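Chains X and B, in that order, are what the protein sequence lines are.
Numbers in my numbering are just positions in the first sequence, counted from 1, shifted up by 1.
Numbers in my numbering are just positions in the second sequence, counted from 1, shifted up by 225.
Rather than coming from a laboratory, the hints here were simulated on the basis of the structure.
Predicted model, so just to flag it, every value in this text is computed and none were measured.
Incorrect hints may have been included.
[What the hints assert, rightly or not] Pulled a few chain B residues facing chain X out of the computed Cβ check, cut under 7 Å:
#1 His266
#2 Val271
#3 Thr274
#4 Gln362
[Said to hold, decoys possible] FRET-style restraints, in silico, Cβ to Cβ:
#5 B:Ser353 x X:Pro562: 40 to 46 Å
#6 X:Ser292 x B:Ser353: 50 to 56 Å
#7 X:Ser528 x B:Lys229: 28 to 34 Å
#8 B:Thr433 x X:Lys406: 55 to 61 Å
#9 X:Gly155 x B:Ser353: 40 to 46 Å
#10 B:Glu368 x X:Glu262: 28 to 34 Å
#11 X:Ser167 x B:Glu365: 56 to 62 Å
#12 B:Leu394 x X:Glu442: 44 to 50 Å
For each residue, glycine too, the CB sits at the ideal point set by N, CA and C.
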Amino acid sequence: MEADCVLPSPRQSSIPKLSIAVVSKRDYPTRSHTVSAEGDAAGAVKSDDSLEEHAYDTISGGDWLCDQDAVEVFVKEAPLELLQLEHWGCPWSREPDGHIAVRAFGGMKKRRTWFAADKTGFHMLHTLFQTSLKYDPITRYDEWFVSRLLVDEGRVQGVVAIELMSGRIQAITAKAVILCTGGCGRVFPFTTNANIKNGDGMALALRAGAPLKDMEFVQYHPTGLPFTGILITEAARAEGGYMLNKDGYRYLQDYNLGKPEPRPVLRSMELGPRDRLSQAFVKEEQKGRTSPTPYGSVVHLDLRHLGERLINTKLPFVRELCLKYQNIDPVKELIPVRPVVHYMMGGVSTDIHGATPLAGLYAAGEVACVSINGANRLGSNSLPECLVFGARAGKAAALFAAEQKEPNPVVLTQAADEQARLWSSFLRKTGGREHVAAIREEMQAAVEKSAGIYRDGRTLLDATSKLHELQERYADLSLDDRSNTFNTELEAALELGFMLDVGESIVRCALHRTESRGAHQRTDFPSRDDQKFLVHSLVYRDPDGSSRVEYSPVKITRWPPGERVYGAPQQPSEEPQAAPARRAS
Amino acid sequence: MADKIVLEIARYSPEQDVEPRFETFEVPFRKEWVVLDALNHIKDKVDGTLTYRWSCRMGICGSCGMMVNGEPKLSCATFLSSYARNGNRVRVEPLRYFPVVRDLVTELSDFLGKLKRVKPWLIRKEESPLSQGEFRQTPEQLEDYRQFSMCINCTLCYAACPVVGLDPLFVGPAAIALAQRYNMDSRDQGTDERTIVLAHPEGIWGCTFVGECTRVCPKHVDPAGAIQQYKLKSALDWVKSLVMPRGHKEENNSGASADA
Numbered sequence: 002m003e004a005d006c007v008l009p010s011p012r013q014s015s016i017p018k019l020s021i022a023v024v025s026k027r028d029y030p031t032r033s034h035t036v037s038a039e040g041d042a043a044g045a046v047k048s049d050d051s052l053e054e055h056a057y058d059t060i061s062g063g064d065w066l067c068d069q070d071a072v073e074v075f076v077k078e079a080p081l082e083l084l085q086l087e088h089w090g091c092p093w094s095r096e097p098d099g100h101i102a103v104r105a106f107g108g109m110k111k112r113r114t115w116f117a118a119d120k121t122g123f124h125m126l127h128t129l130f131q132t133s134l135k136y137d138p139i140t141r142y143d144e145w146f147v148s149r150l151l152v153d154e155g156r157v158q159g160v161v162a163i164e165l166m167s168g169r170i171q172a173i174t175a176k177a178v179i180l181c182t183g184g185c186g187r188v189f190p191f192t193t194n195a196n197i198k199n200g201d202g203m204a205l206a207l208r209a210g211a212p213l214k215d216m217e218f219v220q221y222h223p224t225g226l227p228f229t230g231i232l233i234t235e236a237a238r239a240e241g242g243y244m245l246n247k248d249g250y251r252y253l254q255d256y257n258l259g260k261p262e263p264r265p266v267l268r269s270m271e272l273g274p275r276d277r278l279s280q281a282f283v284k285e286e287q288k289g290r291t292s293p294t295p296y297g298s299v300v301h302l303d304l305r306h307l308g309e310r311l312i313n314t315k316l317p318f319v320r321e322l323c324l325k326y327q328n329i330d331p332v333k334e335l336i337p338v339r340p341v342v343h344y345m346m347g348g349v350s351t352d353i354h355g356a357t358p359l360a361g362l363y364a365a366g367e368v369a370c371v372s373i374n375g376a377n378r379l380g381s382n383s384l385p386e387c388l389v390f391g392a393r394a395g396k397a398a399a400l401f402a403a404e405q406k407e408p409n410p411v412v413l414t415q416a417a418d419e420q421a422r423l424w425s426s427f428l429r430k431t432g433g434r435e436h437v438a439a440i441r442e443e444m445q446a447a448v449e450k451s452a453g454i455y456r457d458g459r460t461l462l463d464a465t466s467k468l469h470e471l472q473e474r475y476a477d478l479s480l481d482d483r484s485n486t487f488n489t490e491l492e493a494a495l496e497l498g499f500m501l502d503v504g505e506s507i508v509r510c511a512l513h514r515t516e517s518r519g520a521h522q523r524t525d526f527p528s529r530d531d532q533k534f535l536v537h538s539l540v541y542r543d544p545d546g547s548s549r550v551e552y553s554p555v556k557i558t559r560w561p562p563g564e565r566v567y568g569a570p571q572q573p574s575e576e577p578q579a580a581p582a583r584r585a586s
Numbered sequence: 226m227a228d229k230i231v232l233e234i235a236r237y238s239p240e241q242d243v244e245p246r247f248e249t250f251e252v253p254f255r256k257e258w259v260v261l262d263a264l265n266h267i268k269d270k271v272d273g274t275l276t277y278r279w280s281c282r283m284g285i286c287g288s289c290g291m292m293v294n295g296e297p298k299l300s301c302a303t304f305l306s307s308y309a310r311n312g313n314r315v316r317v318e319p320l321r322y323f324p325v326v327r328d329l330v331t332e333l334s335d336f337l338g339k340l341k342r343v344k345p346w347l348i349r350k351e352e353s354p355l356s357q358g359e360f361r362q363t364p365e366q367l368e369d370y371r372q373f374s375m376c377i378n379c380t381l382c383y384a385a386c387p388v389v390g391l392d393p394l395f396v397g398p399a400a401i402a403l404a405q406r407y408n409m410d411s412r413d414q415g416t417d418e419r420t421i422v423l424a425h426p427e428g429i430w431g432c433t434f435v436g437e438c439t440r441v442c443p444k445h446v447d448p449a450g451a452i453q454q455y456k457l458k459s460a461l462d463w464v465k466s467l468v469m470p471r472g473h474k475e476e477n478n479s480g481a482s483a484d485a
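Using the sequences and the hints given, assemble the complete structure.
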């Protein structure tokens with residue numbers, strides 16, 4: 002089995018003689034976690050907005066850890082990619098005159114966020130997938146689980162994957178591979194992330210020799226439902242929702258985020274950035290001003306004043322989720338919420354073309370770190386990031402593939418090695434006392450305790466040794482399931498192996514960064530330290546299994562590091578403008 | 226409220242079983258738990274071989290459809306407490322009418338093929354350059370097709386449809402609703418291309434309008450309504466072809482629809 006290129010963008014099929022394989026561990030491409038993204042997609046198109054303002058909001062939101070050349074490319078190309086999806090049929094919400102509608106979002110000074118009600122990720126993914134069905138050169142390997150990258154002579158030449166239906170373990174060779182596997186929220190116990198978000202691509206890259214960048218930056222979203230961790234989108238606050246503590250007080254005014262106004266004010270209060278809102282929750286909790294529940298303490302999101310009509314048109318999925326999963330109606334009741342692990346700013350290190358330092362390996366989306374998100378991602382930047390850097394990685398990988406010779410047959414022996422490993426470690430193993438779920442739970446507890454919203458050196462050091470212990474116990478794993486047919490326990494074991502590597506990378510980078518910046522808050526080093534840490538962390542895995550952290554400079558083009566100011570005096574925002582969309586060119 | 230609930234789960238492993246059998250598990254009964262939480266409890270604490278699909282646990286990825294007490298359901302959106310009065314027993318089986326791979330996992334490739342056949346993408350006579358900006362579409366025009374765009378491909382409607390059970394070639398509710406999603410989109414010009422596939426005994430004319438598809442849909446898509454709309458259009462086209470045979474042919478050749 003062979004493919005020139007494993008990549009996501011159907012537009013690249015116009016390049017002659019390219020055969021494209023899409024390999025997914027799920028049965029159907031729309032099971033991917035993008036489908037859950039309720040929040041929206043930023044692209045500056047309205048006449049009162051500019052690319053510079055979108056770039057500045059992104060860079061200040063990221064606490065100056067973003068690479069500014071990447072941000073400039075991103076804000077410029079985002080509107081084009083969003084428009085391309087419109088041409089492919091994406092059902093974007095509209096102004097009365099038929100132009101694209103935009104709304105406010107956290108940390109953004111202008112209304113620039115495109116939306117498809119509150120199911121934007123769902124509609125983007127379905128549009129992209131349905132459009133891809135037009136293109137015959139795309140071959141899908143649905144329910145093939147990738148367990149290893151094939152590398153020879155310093156170049157990635159394919160993957161080894163298990164066909165879940167049959168248990169067949171096989172090489173899929175390729176001249177270039179693009180990782181689009183998303184994030185790793187399941188390393189934590191309480192997350193909005195789907196069960197499939199295990200950092201697979203990050204661990205695959207790390208094991209193959211590519212570095213992971215800025216892994217200490219983990220985003221907590223301030224509004225998750227307790228118990229399930231289901232996300233209540235930031236759009237609920239953008240439409241005017243209030244955050245209330247147990248006394249019904251809009252507590253964000255006590256945390257340098259501006260003064261409460263009846264209507265939403267951009268870059269202020271409830272529309273502050275996610276890191277600051279999640280940190281404010283912890284402070285409120287410490288003051289005893291949150292409400293206890295069996296699943297941790299909560300504050301409340303109040304949408305009641307928005308009225309049933311607005312909630313039904315702009316936030317229908319929020320209402321559906323509250324009714325179905327929390328048994329409350331936001332039209333009449335307060336929504337209990339607490340911060341929940343949501344997004345990984347870090348990931349496989351890439352340049353602005355999606356290329357990793359390992360030849361033939363590309364990455365795009367949450368799995369990658371370009372970095373446009375720096376120390377804290379702004380809501381509504383991640384969906385267009387997938388589009389912009391997915392397209393760029395696709396193009397770069399296609400050009401690279403066109404110049405490569407056929408994969409070296411030597412990589413097939415690596416596939417045989419991998420089969421032997423899977424048999425001896427799992428499927429045909431004798432002995433072993435440990436179980437997947439027990440190690441997973443202990444790992445999640447250790448990572449949460451040490452690398453949560455606030456961190457300190459001692460706890461991180463403890464977690465380092467705990468994770469080391471868990472790695473040793475992982476080697477003593479025993480599976481109940483030895484079947485070749487759809488072995489989901491084998492899959493869970495391999496995912497656990499990935500998560501242990503990713504969790505270790507997070508803790509190690511967090512331990513070494515002795516400053517506080519964006520989503521990385523050290524109680525023992527509470528200030529930002531630009532002298533020492535205006536740099537990206539790069540964690541490498543050496544062939545002997547040990548890891549090391551190095552640093553590389555942040556690219557500053559036009560915006561020197563400054564203070565992050567939110568809630569500065571501004572006019573309350575107006576109703577959405579019906580200004581015509583700027584012509585894309 | 227009892228503190229335990231019993232799940233009777235259909236088990237089948239092609240390497241061991243000649244036919245499916247039921248296995249009974251007693252699990253803690255918690256009011257927050259959905260059927261999927263109970264399955265995860267069994268897999269993590271009792272029997273690691275239990276096999277099923279799931280991902281988002283928020284009713285949007287469409288992976289975790291199963292028969293729960295004989296009804297097609299998303300197991301992530303079906304609370305155990307709904308079955309507390311049913312003698313505290315919940316029967317969980319794979320979705321009906323699909324070949325079973327193992328336990329609760331079914332084979333979906335036939336469904337995927339059917340979806341592709343209805344050409345579920347925007348068809349234009351000519352592509353417009355991006356430099357011309359967006360296609361204008363008013364909120365009312367969006368509303369015309371919006372509900373048909375909500376399908377999550379969970380296939381519950383196939384497991385509910387008696388025609389799917391009788392005729393495996395029937396294109397089925399979700400695929401027809403998806404065709405209608407594009408037909409009703411003011412930007413699309415491909416209605417006639419899709420009608421060639423759908424105005425067929427295995428297309429819309431296979432449907433006997435039982436309406437079960439619409440009833441079980443967790444996203445309130447109305448496939449039965451889509452099929453009825455389509456039958457009406459198809460019948461009118463047929464009448465038109467009798468009255469104005471040449472005119473109809475030309476319209477087919479152009480590939481354009483009236484809503485462009």
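Evaluated hints:
1. His266: Nearest chain X Cβ about 10 Å off; hint violated.
2. Val271: 9 Å, violated
3. Thr274: Check passed: Cβ of Thr274 (chain B) comes within 4 Å of chain X, closer than 7 Å.
4. Gln362: Interface hint status for Gln362 (chain B): holds (5 Å vs cutoff 7 Å).
5. B:Ser353 x X:Pro562: 40 to 46 Å: Taking Cβ atoms as reference, Ser353 (chain B) and Pro562 (chain X) lie about 43 Å apart, which means the hint holds.
6. X:Ser292 x B:Ser353: 50 to 56 Å: 53 Å, holds
7. X:Ser528 x B:Lys229: 28 to 34 Å: 53 Å, violated
8. B:Thr433 x X:Lys406: 55 to 61 Å: 58 Å, holds
9. X:Gly155 x B:Ser353: 40 to 46 Å: 44 Å, holds
10. B:Glu368 x X:Glu262: 28 to 34 Å: 32 Å, holds
11. X:Ser167 x B:Glu365: 56 to 62 Å: Given a distance of about 50 Å, which is not inside 56 to 62 Å, the answer is violated.
12. B:Leu394 x X:Glu442: 44 to 50 Å: The hint (44 to 50 Å, Cβ to Cβ) holds, given that Leu394 (chain B) and Glu442 (chain X) are roughly 47 Å apart.
Against the hints set out earlier in the document, violations occur for numbers 1, 2, 7 and 11.
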